[in-house]
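Q: Chain by chain, the residues:
Number of protein chains: 2
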Amino acid sequence: MEYPSITSRRSPVAKAAAALSASAKERRERRQFLCEGARLCRDAALSDMEIEACFFTAQARETYSHYLEPVLQVCGQAYEISQPVAQLLSDTRSPQGVFCQCQWPGTLEGLAGFAPQGPCLVLENIQDPGNLGTILRTAEALGRFRVFLLGDCCDPLSPKALRASMGAVFRLALSWEPSAQRLMKLLEGYGYKTHGAVPDKGAVPVTAVDFSQGLHGVLIGNEGSGLTEETLGLCTDRVTIPMGGRAESLNAAAATTILLWQMAKGGEEG
Amino acid sequence: MEYPSITSRRSPVAKAAAALSASAKERRERRQFLCEGARLCRDAALSDMEIEACFFTAQARETYSHYLEPVLQVCGQAYEISQPVAQLLSDTRSPQGVFCQCQWPGTLEGLAGFAPQGPCLVLENIQDPGNLGTILRTAEALGRFRVFLLGDCCDPLSPKALRASMGAVFRLALSWEPSAQRLMKLLEGYGYKTHGAVPDKGAVPVTAVDFSQGLHGVLIGNEGSGLTEETLGLCTDRVTIPMGGRAESLNAAAATTILLWQMAKGGEEG
Chain Z
450 MEYPSITSRR SPVAKAAAAL SASAKERRER RQFLCEGARL CRDAALSDME
500 IEACFFTAQA RETYSHYLEP VLQVCGQAYE ISQPVAQLLS DTRSPQGVFC
550 QCQWPGTLEG LAGFAPQGPC LVLENIQDPG NLGTILRTAE ALGRFRVFLL
600 GDCCDPLSPK ALRASMGAVF RLALSWEPSA QRLMKLLEGY GYKTHGAVPD
650 KGAVPVTAVD FSQGLHGVLI GNEGSGLTEE TLGLCTDRVT IPMGGRAESL
700 NAAAATTILL WQMAKGGEEG
Chain S
450 MEYPSITSRR SPVAKAAAAL SASAKERRER RQFLCEGARL CRDAALSDME
500 IEACFFTAQA RETYSHYLEP VLQVCGQAYE ISQPVAQLLS DTRSPQGVFC
550 QCQWPGTLEG LAGFAPQGPC LVLENIQDPG NLGTILRTAE ALGRFRVFLL
600 GDCCDPLSPK ALRASMGAVF RLALSWEPSA QRLMKLLEGY GYKTHGAVPD
650 KGAVPVTAVD FSQGLHGVLI GNEGSGLTEE TLGLCTDRVT IPMGGRAESL
700 NAAAATTILL WQMAKGGEEG
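These protein sequence lines are chains Z and S, in that order. Here the first sequence is numbered in my numbering, starting from 450 and rising by one per residue. Here the second sequence is numbered in my numbering, starting from 450 and rising by one per residue.
Think of the hints as simulated: they come from the structure by calculation, not from any bench. Treat the hints with care, as some may be off.
Unchecked claim - Output of the computed footprint for chain S on chain Z, the stretches with three or more beta carbons under 8 Å from beta carbons of chain S:
id : stretch
1  : 530-536
2  : 589-599
Said to hold, decoys possible - Simulated pairs of lysine-lysine, PhoX-like, Cα-Cα distance not exceeding 25 Å:
id : chain 1 : residue 1 : chain 2 : residue 2
3  : Z       : Lys474    : Z       : Lys464
4  : S       : Lys714    : S       : Lys642
5  : S       : Lys609    : Z       : Lys609
6  : S       : Lys650    : Z       : Lys714
7  : Z       : Lys650    : S       : Lys714
8  : Z       : Lys714    : S       : Lys609
Unchecked claim - A few chain Z residues that face chain S, going by a derived Cβ cut-off under 8 Å, partial list only:
id : residue
9  : Ser539
10 : Thr583
11 : Arg586
12 : Val653
13 : Thr656
14 : Gly693
15 : Gly694
16 : Leu699
17 : Asn700
18 : Ala703
19 : Ile707
C-beta: ideal position from N, C-alpha, C; glycine also.
Construct the complete structure from the given sequences, taking the supplied hints into account.
A: Below, the structure written as structure tokens:
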């Protein structure tokens with residue numbers, strides 16, 4: 450099959466797609482994002498993302514035909530693009546040459562429709578897109594945690610976050626919520642126990658929490674400064690990771706992995 | 450105090466330092482590496498790294514004086530450098546303007562002097578310097594694991610790995626060893642049980658291993674392909690992380706965090 454082609458970097462269609470890759474503001478205002486890479490685009494299609502347009506180079510159409518197939522079946526428009534246009538759209542040095550322009554996932558905004566069905570993870574003011582993506586990937590791997598992005602988190606739909614998440618963004622129930630008051634009240638109303646993670650030896654060791662009973666949420670704060678005092682004040686308690694080595698040197702993603710693992714196992718221990 | 454200054458990017462001293470930042474081969478051949486950033490340079494000094502030379506901009510000398518002080522006390526040479534020279538040495542876009550040229554840590558080569566004192570971590574063919582650095586940081590935080598880099602791991606002294614490790618490279622006992630046969634024989638000789646991590650539901654769940662008795666080592670393989678068959682064949686057993694979600698999507702650093710955490714806690718569970 451023949452597709453319309455875009456060979457100029459001045460094409461308005463290509464420029465509009467590139468802007469989505471480059472700018473969080475563009476994504477927010479247009480309620481769209483750009484997804485890059487053969488596997489990630491296939492994952493978007495298989496996860497029922499609404500795909501407005503797909504872009505691929507002639508080379509990519511050959512190399513990644515099995516990834517492209519499900520995308521071409523569901524996308525609104527498809528364009529064959531030249532290598533320079535692929536470079537324009539890409540966030541990487543050696544683009545695979547496959548891109549999708551998608552609508553924001555419906556769940557991403559607001560708390561409407563939240564059903565208290567299991568453990569949840571609240572991330573406050575996470576700044577690094579690689580960290581955010583990795584954490585989302587782990588949250589999916591260990592049990593499909595419900596995830597809330599609180600305050601001023603970086604954008605989970607940026608190219609770096611999408612890449613690090615390996616598509617978990619498409620499959621997790623994930624909501625952005627600016628207000629700690631509103632979110633914590635909602636969780637409390639459903640009977641959640643909320644555990645704020647702090648690097649503080651006086652807090653409850655996470656190994657002493659019985660996650661097997663009731664509903665639980667863990668809260669993780671910014672990479673440098675942790676949870677805000679406001680949010681900590683709204684938590685049921687404060688938990689910490691007891692460590693044998695140098696306490697200060699566990700990064701946000703590693704700390705989150707341990708907390709999610711403890712929750713997933715459900716377990717209090719000796 | 451006045452220090453000799455380097456203002457030209459053609460300075461042989463600056464070029465020699467920059468080469469250490471850019472090339473693993475240079476580091477290996479000259480048995481030196483370049484450390485960037487005020488905090489990392491201070492950590493190198495406080496960890497008894499042998500510092501041949503320190504480089505700083507006038508701006509950095511003011512801004513980071515408390516970090517620079519311990520470095521200047523122990524370094525062989527110190528140079529004030531211009532902003533363009535700082536750019537030449539730097540791996541980042543906005544350099545802090547503090548660098549140290551250091552000798553390789555003595556422990557890094559060979560297995561001589563290995564004393565079986567606790568749990569160890571073996572990393573085989575880890576390719577991403579950010580992953581490697583993060584794993585080393587976690588290995589330090591959770592209990593100062595003895596770490597072996599097996600086969601063709603990326604360089605722990607590259608700028609990216611150093612940065613992600615937050616200086617853990619300076620403080621951990623860390624050895625490079627190309628031969629799985631030699632390493633596994635050594636560990637076996639000391640009575641270590643060695644657990645090869647695999648994403649395989651048929652393997653022993655890590656929650657069923659009793660790490661509290663005897664000496665244990667976990668082995669983690671390459672991000673894409675896992676442990677080699679040769680190395681797996683030399684392990685006491687194969688362990689896996691039981692997961693509620695999508696098993697394939699736990700990255701190497703997250704998987705390692707969970708395994709180290711289980712070892713650090715020492716614990717078998719229900």
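Q: Now tell me if each hint is right for this structure.
A: Evaluation of the provided hints:
For the stretch 530-536 of chain Z, the assignment as covered by chain S is violated, since 0 residues bring a beta-carbon within under 8 Å of that chain's beta-carbons and 3 are needed. A count of 5 residues in the stretch 589-599 of chain Z with a Cβ less than 8 Å from any Cβ of chain S is obtained; the coverage claim is therefore met, three being the minimum. As the CA atoms of lysine 474 (chain Z) and lysine 464 (chain Z) are separated by approximately 15 Å, the hinted pair is consistent with the 25 Å bound. Annotation: proposed proximity of lysine 714 (chain S) to lysine 642 (chain S) holds, straight-line Cα distance about 17 Å (limit 25 Å).
Under the criterion of a C-alpha separation no larger than 25 Å, the hint pairing lysine 609 (chain S) with lysine 609 (chain Z) is consistent with the structure, at around 17 Å. Distance check on the hinted pair: lysine 650 (chain S) and lysine 714 (chain Z) sit about 16 Å apart at the alpha-carbon level, within 25 Å; holds. A threshold of 25 Å between alpha carbons decides the hint, and for lysine 650 (chain Z) with lysine 714 (chain S) the separation of about 16 Å falls inside it, so the pair holds. Under the criterion of a C-alpha separation no larger than 25 Å, the hint pairing lysine 714 (chain Z) with lysine 609 (chain S) is inconsistent with the structure, at around 33 Å.
Proximity of serine 539 (chain Z) to chain S is violated relative to the hint, the smallest CB-CB distance being about 19 Å (cut-off 8 Å). Hint status for threonine 583 (chain Z): holds, given a least beta-carbon distance of 6 Å to chain S, under 8 Å. Checking arginine 586 (chain Z) against chain S: minimum C-beta separation of about 5 Å stays under 8 Å; hint holds. Taken as an interface hint, valine 653 (chain Z) does not check out: its beta carbon lies about 16 Å from the nearest beta carbon of chain S, beyond 8 Å.
Of the supplied interface hints, the one on threonine 656 (chain Z) holds, with its beta-carbon coming within about 7 Å of a beta-carbon of chain S, less than 8 Å. Look at glycine 693 (chain Z): its Cβ gets to within about 3 Å of chain S, closer than 8 Å, so that hint holds up. Evaluation of the glycine 694 (chain Z) hint against chain S yields a held restraint, the C-beta minimum of about 5 Å falling below 8 Å. At a threshold of 8 Å, the smallest CB-CB gap from leucine 699 (chain Z) to chain S is about 4 Å, leaving the interface hint in force.
A hinted interface residue such as asparagine 700 (chain Z) counts as satisfied when its beta carbon comes closer than 8 Å to some beta carbon of chain S; here the least separation is about 6 Å, so the hint holds. The interface hint given for alanine 703 (chain Z) holds, since its Cβ lies 5 Å from the closest Cβ of chain S, which is under the 8 Å cut-off. This hint holds: isoleucine 707 (chain Z) has a C-beta 5 Å from the nearest C-beta of chain S, less than the 8 Å allowed.
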